[in-house]
Structures are given as C-alpha cells and as structure tokens.
Amino acid sequence: MIDWGYFTDLFVSGLTKGSIYALIALGYTMVYGIIQLINFAHGEIYMIGAFTALIFAVLLGKFGLSTGFIFLIVTVIAVIYASAYGYTVEKIAYKPLRNAPRLSPLISAIGMSLFLQNYVMLAQTPDFVPFPDLIPHIGILDKISDYIDPVGLIIIIVTFIVMIALHFFIKKTKIGKAMRATAQNKTMAMLCGVDVDKTISMTFIIGSALAAIGGVLIGSYVGQINFFIGFMAGLKAFTAAVLGGIGSIPGAALGGIILGLTESFGAGYISSDYQDVFAFILLVLILIFRPAGILGKTDTEKV
Amino acid sequence: MKGVIEETKKSLVAALWFVFLTFPIMVMKVDTADNKIIFRWKNILYVAIAAFILSYLWRYFLERKERKGSSDEDSIIYKVLSNPKYSRPFYAAVLPFAIAFPWLFSTYQTNIMATALIYVMLGLGLNIVVGLAGLLDLGYVAFYAVGAYAYALLNYHFGLNFWEVLPIAGILAAFAGILLGFPVLRLRGDYLAIVTLGFGEIIRIVLENWDSVTFGPSGISGVPRPPLFGIKMNVNQSLIYIYYITLAFVIFTIFVVNRLQNSRLGRAWLALKEDDIACQAMGIDRVTAKLTAFALGATWAGFAGVIFAAKTTYVSPASFTFFESVVILSIVVLGGMGSIVGVILAALVMILLPEYLRAFSDYRMLIFALALVLVMVFKPEGLIPFRGGRFVYKKKESAEGGNE
Chain A
1 MIDWGYFTDL
11 FVSGLTKGSI
21 YALIALGYTM
31 VYGIIQLINF
41 AHGEIYMIGA
51 FTALIFAVLL
61 GKFGLSTGFI
71 FLIVTVIAVI
81 YASAYGYTVE
91 KIAYKPLRNA
101 PRLSPLISAI
111 GMSLFLQNYV
121 MLAQTPDFVP
131 FPDLIPHIGI
141 LDKISDYIDP
151 VGLIIIIVTF
161 IVMIALHFFI
171 KKTKIGKAMR
181 ATAQNKTMAM
191 LCGVDVDKTI
201 SMTFIIGSAL
211 AAIGGVLIGS
221 YVGQINFFIG
231 FMAGLKAFTA
241 AVLGGIGSIP
251 GAALGGIILG
261 LTESFGAGYI
271 SSDYQDVFAF
281 ILLVLILIFR
291 PAGILGKTDT
301 EKV
Chain B
304 MKGVIEETKK
314 SLVAALWFVF
324 LTFPIMVMKV
334 DTADNKIIFR
344 WKNILYVAIA
354 AFILSYLWRY
364 FLERKERKGS
374 SDEDSIIYKV
384 LSNPKYSRPF
394 YAAVLPFAIA
404 FPWLFSTYQT
414 NIMATALIYV
424 MLGLGLNIVV
434 GLAGLLDLGY
444 VAFYAVGAYA
454 YALLNYHFGL
464 NFWEVLPIAG
474 ILAAFAGILL
484 GFPVLRLRGD
494 YLAIVTLGFG
504 EIIRIVLENW
514 DSVTFGPSGI
524 SGVPRPPLFG
534 IKMNVNQSLI
544 YIYYITLAFV
554 IFTIFVVNRL
564 QNSRLGRAWL
574 ALKEDDIACQ
584 AMGIDRVTAK
594 LTAFALGATW
604 AGFAGVIFAA
614 KTTYVSPASF
624 TFFESVVILS
634 IVVLGGMGSI
644 VGVILAALVM
654 ILLPEYLRAF
664 SDYRMLIFAL
674 ALVLVMVFKP
684 EGLIPFRGGR
694 FVYKKKESAE
704 GGNE
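Residue numbers (the working numbering), protein chains in the order written: chain A, 1 to 303; chain B, 304 to 707.
In short, the hints are calculated from the structure, not lab data. Incorrect hints may have been included.
No farther apart than 30 Å at their CA atoms in a straight line, the calculated lysine-lysine pairs in the DSBU-like style are these [what the hints assert, rightly or not]: (1) K332(B) with K198(A); (2) K62(A) with K332(B); (3) K91(A) with K339(B); (4) K186(A) with K95(A); (5) K186(A) with K368(B); (6) K313(B) with K388(B); (7) K371(B) with K95(A); (8) K62(A) with K171(A); (9) K388(B) with K91(A); (10) K368(B) with K91(A); (11) K682(B) with K186(A); (12) K91(A) with K174(A).
According to the in silico footprint, chain A covers these stretches of chain B (three or more CB under 8 Å from chain A) [to be verified]: (13) 335-344; (14) 496-502; (15) 544-552; (16) 569-575; (17) 647-655; (18) 678-685.
Keep in mind the model is a prediction, meaning the values are calculated, not measured. Idealized CB from N, CA, C, for every residue including glycine.
This is chain A alone, in the form it adopts within the complex:
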C-alpha cells in the first residue's frame, strides 16, 4: 500500500531541490559548453549570492518593508553581486590560462573555490546563520493540499520561468547567438566578428546570476546558510549537468530534476543517511550506459 501523501511530499520536495540544482547546473553547463572548464568556484558564487541576499535582507528588514518587496530587492542585489564575482573570478583565475595545459585551469578553479570559501568564513562567520523566510506566501497555494509545500511550489515556478527566459535569451538574442557560436567553434566565431572574450564574460555573468537566484531561493527554503553550502550544492549541480549531458541546457534542467527526485525518494524510502550517495551512484550508472549524459550528443572522436 503506497502512502500517496508521503509520496507527494517526497515528490514535491525532490522537485524543489531538483529545480535549484538545475538553476546552478545551468551555470556549469554554459561555462563548460563554452570553454570546457569545470568551474569549481561556481558553487561558491551561489553561496556568495545567498550571503549577499541575507545581509541586505537583514539590513532592509529594519525599514518595515513588505516581505515580497524585500525578496525582490534582495534578489536583484544578489544577482548583481554574484555576477560581479563571477566576472572577476573569470578574469583572475581563468582568462590568463586559456592556452595552458588542461589541468591548470581546473586547479586554479579549485584554488578559487577554496579562496572564496575562506574569504566568506573569515569576513563573516564559520557558523550557520539563520536566513529569513523571504518568499511571500500566496493564499491560493497554501490551500492546495496538506502535503504540497507552498514555498517549494513557488521555487519550482520561479525556476521554470527563469529557465524559459534563459532559453529564449539563448535562442533569440544576439548575445545568445554569440554564445552558441563560441561554444561551437571559438576560432570561427572570432573570424565571424564575435568578441569571444566578451562572450565568455557574459556566460559567466549569466551563470552567476542564475546561481544567485538559486542561492536566495535555497536560503529561504532551508532557513539557514553558511560558508560551506556552495561545495555540496556545486558538486550536486555539476553532477546534474553531467547527468543531463554537459553543454546541453535542457540537459542541465532535466539532470537537476532527476537528481533532486532520486535524492528525495532515496532518502524517503531507503535511508536518509545515504542521501548524497544516491546522487553519485546514479551518476556512475548513467555514465556507464550513456557516457555523454542523457541529452548529450555522442560525438565521434576526432583524431
């Protein structure tokens, strides 16, 4: 006998977490698609987004503004700051390494990730900090069901809207076209008049902005953050990106959701201690059978 209430509960929480993984995974996938680099510092950008949001939320909280309004302002500020960090990280740690051996930018990315973690830890606090409940409650959503968490539902909706926007941005705008061209072939794009450096910066900025939105949402959802949250989230998001097929934007979204659901059901029905293990086992299994990920193209090896 299946307990449907429990099932729905797990399903929605899996979907919620999955959509946040997907948001962060988009940043990984876009960066990887364009410069073939695992941007290990991406998880930290998400963490910084969450921290910036928290700081401004506490500051604005003194002025007696409505929660919804604070949520909007704080998200905008977090997006601006996270983008600025993403841009700067690219300029410092990756741009000078464009022509270096493949492992060098990876190590530099890991170094950047550790640096940002310790920077926030020293400048703020090593402890968990409570995050205010910013997501506004909408009456109708509260009444849908006893099992469906209204905050989770809003997160899913927000993520969905952001993804649709990103999709159109990439397909329709000039920058989006430049990004796709650069991802295809950097030299050709350059010859066709695409400013490759600017496009790469743009990719980092957009990826970081999405991560910041994820950071604000997860802060409100979980209710506490610390300097280390970027690490696991980044790892999971990267796993999601690989699951879906790295470099593919719908793949990242799909991968994030599959990962979120796997974790949620795994924790709910098997064991919550091993929640993080399921993600990696799933990854290994998928890669054995589909090395390019679910939606990834299996391109022929060029010699």
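With chain A's structure known, arrange chain B on it following the hints.
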C-alpha cells in the same frame, strides 16, 4: 611618464572595483544574536590599498610572462637534477641528511617531516595516475582511506599487526582502484574527474554512516604503532621508527616510479596521456594500461594510508575529505605533472609551509588557495615541468625553432 599614469589609472579602477565587490561581505557583518548589521568601514581602506598594489603587481607579472612567452626552457632545478654530474652528489647529500634528520631535530620536527613524507608517497602515487597516464583522479583520497581503515579494522577485529596488514591493504586498495577503473574506462577527461570525485565522496559517506562496522564519524582510536621484533618502544622512539619506515617507503616509491617511467608500461601511459585514440591505433591495450595505472596509483595510497593510521593511531572519516584529494592533486600539478623531483619538492613545500605558518593559522587556507591560483596563472606547467618522455626534434638553425 604616460605609461605610469595609465597604469595608475588602471590600478585605481581595480581598487574601486574591489571595494564595490567586497563591500557586502567585508564591510557588513550579520550579527545573528541581535539580528542586525555591524558596519566595519575600516575594511574599505584595507581592500582599496591591497587591490591597488596587487593590481600593479598582477599586470607587471602578466606582462613579463607574456613577453617571455611560454618558453620551452627547462627550469634550473630540473637542469641540474637531470644531469648525473650534479644529481649524484645532490642525492648523496640529501640521503644522509634525511637519515640523520630525527637525531638533528626535535620530535616535533620529525613528526611533521614524517607527515610530509607520507604526502610525498601520496603525491608520487597520484603522479602515476595523473602525471603519467593523464587520468584526472579527484577521488584519490578514497584509496588512502581504504588503506587506513584496512589497518584499523583488521587490527581491531583480527589483531593483525602493521606488517601483516601492509600487503593486504595494498591489495585491497589496488582492488578498489580496479573497481573504480572498470566503469570509468570509457570516460575521458572531465567526466572521469567528476566520477572519481563522486567515488571519493561515496567512500567517505559510507565510512561516516556505516556505524556498525566503521564506528561512524567518531572513528577508531587506539590503532597500534608498528612493532619492531617485539621491542618495547616509547612514543618518541616509535615515531622515529615510523619516520624511517616512511623514508624507506619514499625511496622505494621513487625507485619504482622511476623504473616504471621508462618501462614498456610507462611509455604506454605517456602515449595514453598524449593521445588516447592514436595510442589505441598503435596497438597499445588501453584497458590494461588504464587499469594498471589506477591499480598501481591506488596501491601507493593504500600503503600511505596504513602508515598514516599507524602514525596518528586514530582514523576517522574527517581525514579523508575532498580537500585531501585537492591537496594531493595540487602537489602533483604544482610540482609539474610527471616530474618526480617536482612532486617531492611540492609535497615538502605544501605540507611543511603551512606547519610553519601556524602564526597565521586563520589565514592559512586563504594563503594556500591564493597560492594555488597564482602558481597556476604564472607557472601553469608546474614549478618543475616534466620533460621526460617527450622527444623534441631540434632544428639545426636555431632561429627557425618554435614549433612543437
């Protein structure tokens, strides 16, 4: 004169940018107790000055690197050490020093040195996988954990001693290496990185949660130190004993890796690293080459794990985090992938330096992280790049060179 003004302008912009960037994190601090913000205005000044100066240095060094180009010139240390005329006396001097070390310095120093030597072993082991075979392994620490837990558990349950466990742990770790190797045989580059990372995390999470066997996060304490023909030793003596065991292992490792590099298998690895597909076309068995690389690399981590457990007499999952893998990988990459001397020097620097920087213990990690980025930016091939295994065709007219 104009150049100076231009540079100053750029540095001013950089300073302003970093003041903006670090404003929320550095200046405002959340006070959780009262739920309010504490402002630390002084930090603006610090950030501005630091960014201004660093921006100057940054551009100066980048320009210098640009001007020099990625010259193929060998580093001085490499030149000296690759020439038998200099290297033999050098080794002849280092070895007695290493042997005399415990008698020249305090126990504390010996202890640190032993730790550094364990990392030399780990670095050389990972160097087989990453430096020689070019397989990016981000979960190397898992094999280290297998070795350490093998000793702790076999000793706890069956009372086996250090020397009995050592070969078993090596075999177990090699087995784990093959276990990881099989599913990832078809994966390349970054996919491999993420799967190995996942593997490392799986092992750590299992160690943390499988309470009935591994005692969970609290770990296993009271792991015995290695015995020496039943002679009773006090803590200091056994520490010195462990130091010698580690030293012997390091020498053994250097010997084996050195021999491997020039063996048939070692050349197969180097070929694999250069070009996977061409290598297969040449009739090299990729499966065997990759699996042996994983297995051999893992064996060394297993040995190092046993020594580590014997040295600290305590194992817990906290010693085997992703960060450890990063440190070991950094040793390999900073030293110069594939370069034995480079790996040894990098291991000594990376492990000893933080120990002596205790005064700045809060900022240790920050400095370490920064150093990683800076070395990669300014010396992406590592401190002592590996030149072996690459046969460069030199034109007689030196003016025309430049092609690889």
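Taking the hints in turn, this is what the structure says about them:
1. K332(B) with K198(A): violated, 34 Å
2. K62(A) with K332(B): Cα-Cα ~15 Å, so holds.
3. K91(A) with K339(B): violated, 34 Å
4. K186(A) with K95(A): Judged against 30 Å, a Cα distance of about 14 Å means the pair holds.
5. K186(A) with K368(B): holds, 24 Å
6. K313(B) with K388(B): Not satisfied, since the Cα-Cα distance of roughly 49 Å exceeds 30 Å.
7. K371(B) with K95(A): At roughly 18 Å apart (the allowed maximum being 30 Å), K95(A) and K371(B) satisfy the hint.
8. K62(A) with K171(A): Since the Cα atoms of K62(A) and K171(A) sit roughly 42 Å apart, the hinted pair is violated (cutoff 30 Å).
9. K388(B) with K91(A): Distance ~44 Å between K388(B) and K91(A) Cα, so the pair is violated.
10. K368(B) with K91(A): holds, 16 Å
11. K682(B) with K186(A): Holds - the C-alpha atoms of K186(A) and K682(B) are around 24 Å apart, at most 30 Å.
12. K91(A) with K174(A): Distance of about 23 Å is within 30 Å: holds.
13. 335-344: With 4 residues in contact (Cβ-Cβ under 8 Å with chain A), the coverage given for the stretch 335-344 of chain B holds.
14. 496-502: holds (count 6)
15. 544-552: Not satisfied, violated; 0 residues make the cut.
16. 569-575: Per the Cβ count (0), the hint is violated.
17. 647-655: violated (count 0)
18. 678-685: The restraint on the stretch 678-685 of chain B holds, since 4 of its residues have a Cβ under 8 Å from chain A and three suffice.
Checked against the numbered hints above, the structure breaks hints 1, 3, 6, 8, 9, 15, 16, 17 and satisfies the rest.
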